[in-house]
Amino acid sequence: MTADGSDSAAALADAVRRGERSARSVVEAALGGIAARDPELHAFLHVAADGARADADAVDEKVRAGEDPGPLAGVPVALKDNLCTRGIPTTCASRILEGWRPPYDATVVTRLRDAGAVVVGKTNLDEFAMGSSTENSCMGPTRHPMDPSRVPGGSSGGSAAAVGAGLVPLGLGSDTGGSVRQPAALCGVVGMKPTYGVVSRYGLVAFASSLDQIGPFARSVADAALLLEVIAGHDPKDSTCLDRPAPEAMRSLDVGVEGLRVGVCEELVADTAPDVSRRVREAAEDLAGTGALVEEVSVPEMRLGLSAYYLIAPAEASSNLARYDGVRYGLRVDAPDVAQMNTATRTAGFGPEVKRRIMLGTYALSAGYYDAYYGKAQRVRTLLIRAFDRVYEQFDVLIGATAPTTAFAIGERVADPLTMYLSDVCTIPSNLSGHPAISVPFGAGDDGLPVGVQVLAPALCEERMFQVAAALERLAAARARPARGEGRR
Amino acid sequence: MSAAGTSAAGAPGTNADRANRSDRADRADRERRADTTERAEWETVVGLEVHCELKTQTKLFCGCKNAFGDEPNTNVCPVCLGLPGSLPVLNAFAVELAMRIGEALHCEVRPSSFHRKNYFYPDMPKDFQISQYDEPINVGGWLELPDGSRVGIERAHLEEDTGKTTHQGETGRIHAADYALVDYNRAGVPLVEIVSRPDIRSSAQARLYVTELRAVLVATGASDGRMEEGSLRVDANVSVRRVGAAALGTRCEVKNLNSLRSLGRAIDYEVARQVALVEATGTVVQETRHWDENAGRTVPLRSKEEAFDYRYFPEPDLVPLAPGSDWRARAAGAVGLLPSARRERLAGLLGGAPTPQQVDQVHVVVGQGLDDLVVAAVAKGAPAGLALVRAANELAADIGAALALDAGTFGSVVEMEGRGELTATQAKAVLAELLAAGGGDPAAIAAERGFEALSEGSLAAVVQGVVEAHPEEWARYSAGEEKLAGFFTGQVMRATGGKADGKAVAAELQRLRR
Amino acid sequence: MSEPPALGRDDVAHVAGLARLSLSEEELDTFTGQLARVIDHARDVSSLDVHDVPPTAHPLPVRNVLRTDDPCPGLDRGEVLAAAPDVEDGRFKVPRIVGEAP
Chain A
26 MTADGSDSAA ALADAVRRGE RSARSVVEAA LGGIAARDPE LHAFLHVAAD GARADADAVD
86 EKVRAGEDPG PLAGVPVALK DNLCTRGIPT TCASRILEGW RPPYDATVVT RLRDAGAVVV
146 GKTNLDEFAM GSSTENSCMG PTRHPMDPSR VPGGSSGGSA AAVGAGLVPL GLGSDTGGSV
206 RQPAALCGVV GMKPTYGVVS RYGLVAFASS LDQIGPFARS VADAALLLEV IAGHDPKDST
266 CLDRPAPEAM RSLDVGVEGL RVGVCEELVA DTAPDVSRRV REAAEDLAGT GALVEEVSVP
326 EMRLGLSAYY LIAPAEASSN LARYDGVRYG LRVDAPDVAQ MNTATRTAGF GPEVKRRIML
386 GTYALSAGYY DAYYGKAQRV RTLLIRAFDR VYEQFDVLIG ATAPTTAFAI GERVADPLTM
446 YLSDVCTIPS NLSGHPAISV PFGAGDDGLP VGVQVLAPAL CEERMFQVAA ALERLAAARA
506 RPARGEGRR
Chain B
2 MSAAGTSAAG APGTNADRAN RSDRADRADR ERRADTTERA EWETVVGLEV HCELKTQTKL
62 FCGCKNAFGD EPNTNVCPVC LGLPGSLPVL NAFAVELAMR IGEALHCEVR PSSFHRKNYF
122 YPDMPKDFQI SQYDEPINVG GWLELPDGSR VGIERAHLEE DTGKTTHQGE TGRIHAADYA
182 LVDYNRAGVP LVEIVSRPDI RSSAQARLYV TELRAVLVAT GASDGRMEEG SLRVDANVSV
242 RRVGAAALGT RCEVKNLNSL RSLGRAIDYE VARQVALVEA TGTVVQETRH WDENAGRTVP
302 LRSKEEAFDY RYFPEPDLVP LAPGSDWRAR AAGAVGLLPS ARRERLAGLL GGAPTPQQVD
362 QVHVVVGQGL DDLVVAAVAK GAPAGLALVR AANELAADIG AALALDAGTF GSVVEMEGRG
422 ELTATQAKAV LAELLAAGGG DPAAIAAERG FEALSEGSLA AVVQGVVEAH PEEWARYSAG
482 EEKLAGFFTG QVMRATGGKA DGKAVAAELQ RLRR
Chain C
85 MSEPPALGRD DVAHVAGLAR LSLSEEELDT FTGQLARVID HARDVSSLDV HDVPPTAHPL
145 PVRNVLRTDD PCPGLDRGEV LAAAPDVEDG RFKVPRIVGE AP
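Chains as they are written, first to last, in my numbering: chain A, 26 to 514; chain B, 2 to 515; chain C, 85 to 186.
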């Protein structure tokens, strides 16, 4: 059971594997929940009901035949709509890809299916994952599961909201600058970004290739670990996917934090709202209370992260999104010659935020400006990695806020892109360094909406990161229900 | 730096480059023209960019077949179609072939990386080309030409090819078509771009360079060298300067050079144009120009100011390439004999100084990569001179099939011809059938066609019979009317059903007349 | 190192052209203002002297990721072309092309 009393993914899979529940019934329940709740929430862009039922029946058939249906047998999963699904629309919430059905599955989708998970649908996002609120969707915004006037965060807001609302126990998102962790924090669920290269990007529609990682959403740290173990591991189709086994994230959940050196990162606390920073400090105190060696630490280079990110990510995006030209798939707006057709198509097909970033990135790469912008941002990236390396000589993990505020109101930050970009300030450094990070719900803000505490770890130290995340989850539960006396191990 | 990607349907210059024989045939013509264009006080300066498609099984970044001539869009996958979410993975054998090229051109083979070259064009599925930019795999080097001159090599780097665009529905206006069709079978085929230093001093030398470079690419197994199929494509950077001047003149890049003939003509045209321009105005404008084969001239494509802003940046979907010394050594070991050594080896089989004709044949055979076959056939007992002739003519005419031919099979045809068991005509017919069928038993083919041996004795008897049947003609022939030799040969051929060897008939007639 | 100039309207018009986007006059104004703010914010990076720091193109210290030269099946042409806006004779059909590839 998870904190809110719903079945965990692990429990569902167990029940299905033992034949106590049919995958079909689990999936029907999820589809029913989506039908009831999603019209308001708008977490889903496409519900693959028929496919989900067929997949669930196949799982049940395996159970009946005595075959191993996999560790996620019958577990409904929601996929961010920038993950390619064979025959199922994959739009990236962009008009330019409306109606496109990929002829192939992303590697993570194949792995989910092989593990017995059932894809129930594709979730809303900021167009091409560019945004922090899921408002930049050509299909309209997703609403926060606890307050429909607020955003769920973004860009993976649909998956975060679907998991947060209890429509599905698991979801996948992509995290380029915080797009899994930030909406996870805002929606009160667990969301993590693996070390760059731990999860294959094959079939993830690219935003910024050197920053993108696919990450899990779950309602518990254990479920997030389970999902990570399923999707991680070497893939020969992705040159940047590391040739090593998936992290054994589940194994470290019960280890505890005694003796671990935890740095409270000043840069991830200082500029956050007081109700958010208060929760981070509480989390630090609680960790210290369970035996961790907690100290404050400053990593000033992190302050350069936002600028470096908003040069590097748009630069890569400007190139990655060139292929949407009206020739091979997706939207075409007719024009007398091919260049005009490209322009008409792209002008009609991309929303304003995507256009902004394409232009920003084109500028950062263009003749005469490369050295000053893209080139420098890459050097700053080196500085940041060096700074992390230094800090991790003294600390095993860092903690801080995931997002500067709790969920904000729909429309609040759309007018000024820079203000919106600042929503990612706490999550961006891990993308630039390629390091893993996870957001764990830890209490609420003054508005009663969830706050996420982020755990950052060195490259490939997912196990250690999950170890701390699981402890934080227990500590948060202990604060919520002090009478039960949890959190002292 | 780019793949020369488009070819207009019915566009000029797509005629097949008929290997080296026509090259040599053109030579005299070319040299005559060179006299008029390269005025004494002007020096031609040419650097060439040669794009060579590598002879791999699969494309550079995906497992799709690297094949020419298949049905459009049948060798495509998410990667080479640039579908959203797809990612490139580098083909190790393409790297190996690139290293062989580097070794053969005496380059330094170095750690390298890939960049994205961004520009919109419908034949490029991602609207960027993955290419090596500031860290190419091969740097520096040189190619020695048969005339003893050396051309420096700047770099030889890996990149992916584009798809193929065909312009449709000519409206009558120049360069205007109603629409275009795109086939992505070629998109992602591995290329090595070989950039020479501006060391070339004439159109003749440029042709010689491309011919020799092509032979190197064929000899190393890196390419099939077929210009007519576009597996070798050439752009020329041409400038002129006054003889003795140290600084280079302003250059123009000439594109659309689809054959050696186009290359030579375009350079000659461009040199004449630039000389006239400098003499008249004192300057040449740097620009990219298009060779119009039909009109025999270059036309401006775009100026330096209109040059593309490619926004190169490191390809984030690929990791750096740093082949270890073991791999580099293996690639170097696989280079094998270079063309000059191959030509020497082949000429050495002839057992004496080769005739000018044989020198040409040696060039053709090595240039087409047929020399191993000839050497093996000779080792099995085939007469060298005859093997060389048949390879340079009959095999080179159907190179694709010839390269699949077994040396023993080829050797036995040549041996049979050498022993007089087949006439030249019959030997050619047997070879043609072997090439068409992809192999077979030469003796069986000869027997099936009724090409059984006509011994010297039986030929003599037939000739004697023909002479006796036409006493009047024989008297005139004996009196010196030479044209009647043809009459008697014809009669003998008719009597033997074409099995007689023309030369043997002539010799027998001579003998009887004496 | 000197600081790069501020981003202006002409720059935005230029990059829009490079990126094959067309902007109305109002959009040009709006985008110029917005992008200028981002570029201005990026001054903390663009004004830094980091010439002695090597660039990081990639967070991974990995090299030589290769595959063997073995063919694998591609996509069915019918499926590929079914996704295209326009096709003819097994090929992708596009409006006429003005100018040549670089």
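Bear in mind the hints are in silico, worked out from the structure with no lab data behind them.
Treat each hint with caution, since some may be false.
Chain A is nowhere near these chain B residues, computed Cβ spacing over 10 Å in every case [as the list claims (entries may be wrong)]:
id	residue
1	Ser87
2	Leu302
3	Asp407
No more than 27 Å apart at the CA atoms, straight line, and that leaves these computed lysine-lysine pairs for DSSO-like [what the hints assert, rightly or not]:
id	chain 1	residue 1	chain 2	residue 2
4	C	Lys177	B	Lys66
5	B	Lys66	B	Lys56
6	C	Lys177	B	Lys165
7	B	Lys381	B	Lys429
8	B	Lys504	B	Lys484
9	B	Lys429	B	Lys504
Since we're looking at a predicted model, the values are computed, not measured.
Beta carbons: idealized from backbone N, C-alpha and C, even for Gly.
Against the structure, the hints come out as follows:
With a closest Cβ-Cβ approach of about 7 Å to chain A, Ser87(B) is found to fall inside the 10 Å limit, against its non-interface label. Every C-beta of chain A lies more than 10 Å from that of Leu302(B), the closest at about 15 Å, which supports listing it as non-interface. Annotated as non-interface, Asp407(B) keeps its C-beta farther than 10 Å from every C-beta of chain A; the closest such distance is 37 Å. Simply put, Lys177(C) and Lys66(B) have alpha-carbon atoms about 23 Å apart, close enough for the 27 Å limit, and the pair holds.
As the CA atoms of Lys66(B) and Lys56(B) are separated by approximately 11 Å, the hinted pair is consistent with the 27 Å bound. Proposed proximity of Lys177(C) and Lys165(B) is supported: the alpha carbons are some 12 Å apart, at most 27 Å. Straight-line distance between C-alpha atoms of Lys381(B) and Lys429(B) comes to about 20 Å, which keeps the hinted pair within the 27 Å bound. Proximity of Lys504(B) to Lys484(B) is assessed by CA-CA distance (about 15 Å); at most 27 Å being required, the pair is judged to hold.
Restraint check for Lys429(B) and Lys504(B): satisfied, since their Cα atoms lie roughly 15 Å apart, inside the 27 Å limit.
Figure legend: structure checked against the earlier numbered hints; the only hint not met is number 1.
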